[in-house]
Amino acid sequence: MFSATDHRFMSLALQLAARGLFTTDPNPRVGCVLVADGKVVGQGWHRRAGEAHAEILALAEASDRARGATAYVTLEPCSHHGRTPPCAQALISAGISEVVVAMADPNPAVGGEGLERLTRAGLTVRSGLMERQARDLNPGFIKRHQTGLPWVRVKLAVSLDGRTAAADGSSKWITGPAARENVQRWRGRASAILTGIGTVLADDPRLNVRLDGYERQPLRVVVDSSFRMPADAAMLALPGPVLVAGCREVRAIGDAEILELPPAADGRVELEALLEALAARDINEVHVEAGPRLSGAFLAAGLVDELLVYQAPCLLGDRGEPLAELPGMENMDQRLHLLPLEDRIVGGDRLMRFGFPEDD
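Per the working numbering, residue 1269 is the first one in the sequence shown, and the count goes up by one each step.
It is worth saying that the hints were derived from the structure and are not from the lab. There's no promise every hint is true.
Unchecked claim - The following label-pair restraints were derived from C-beta to C-beta distances: (1) Ala1470 with Gly1380: 47 to 55 Å; (2) Ala1533 with Arg1478: 35 to 43 Å; (3) Ala1533 with Pro1581: 35 to 43 Å; (4) Gly1535 with Arg1484: 33 to 41 Å; (5) Trp1441 with Arg1519: 28 to 36 Å.
On a predicted model such as this, the values are computed, not experimentally measured, just so you know. Ideal Cβ placement from N, Cα and C applies to all residues, glycine included.
All chains, please: the whole structure from these sequences, using the hints.
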């Protein structure tokens, strides 16, 4: 169904889409390539919400050369009016003859409408080329539309013996500069960076993105059941929004937005309710950097989609903090199974990235 030439041009469209990794939120990362007589005549990628979509930019570059061309698009062209006009109609009006799509729109309410509109207009439509790669670019956008929850990525930095902090609670810095720089890139693609009040009180983190040329700051979220967040916390003095989520003893905290949520059975914040509230704010990807208790709570609740483990070549001893607190786990039948996705060296440290088998 798809030729080597099709793969080549869709690969280019995916490369274009990846340019929006840090900028398109909450919109998806999308790329488009227009091809006529075997040559690229137009290309574009979506940069920011509210700005032109990838197809529109590619059509503008191609101009009259778009007539009779084939469009390679990483996501089904939209068929509805949002902040911008529908891209499906723009492709039709420009005289595109064929559209090759990597994946359908993940929103069940609109998915397939763009492809149907193109087909009704007489265009040849083929879908499913390099779908996995397209999905990898937009895991949060897809999950939010399909489940009402964001994609949750938990980052942990550990010693060789699996400790996240020394016996005295100190944890700066377990890993080296290259690993910390790599973490900044994961922060940069996230919609929100989340931590717990324990980490705030112990380390007073900034939780901002520190990359050259980076403009957008993700929402910073603090899980703080009793609203103990200090009004002079470092992150409150930085640009960008801060949300403090708790479930009792509500009070104002500086310029932070306060979110009161129902308590879980243990009296702490109900984490799934928190994620639902974040998804309702168009949060696609949540990057968690927290202590072993909160990280363990997300894992135990089955709310983690991806695990980033940075392992440093050092030993912190058996009195150090564990990787994650998982109370009630007593035998091998209760163990959490992980799916290895990536394993590589970053500077002097090791990065292991895991997913979770679907049947878990």
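Quick rundown of the hints versus the structure:
1. Alanine 1470 and glycine 1380 have their C-beta atoms about 49 Å apart, which keeps the hinted 47 to 55 Å range intact.
2. The given range of 35 to 43 Å is respected by alanine 1533 and arginine 1478, whose C-beta atoms sit roughly 38 Å from each other.
3. As the Cβ distance of alanine 1533 to proline 1581 is approximately 40 Å, the hint placing it in 35 to 43 Å holds.
4. At about 35 Å, the CB distance of glycine 1535 to arginine 1484 agrees with the hint of 33 to 41 Å.
5. Separation of tryptophan 1441 from arginine 1519 is about 33 Å and conforms to the stated range, judged on CB atoms against 28 to 36 Å.
Against the hints set out earlier in the document, no violation occurs for any number.
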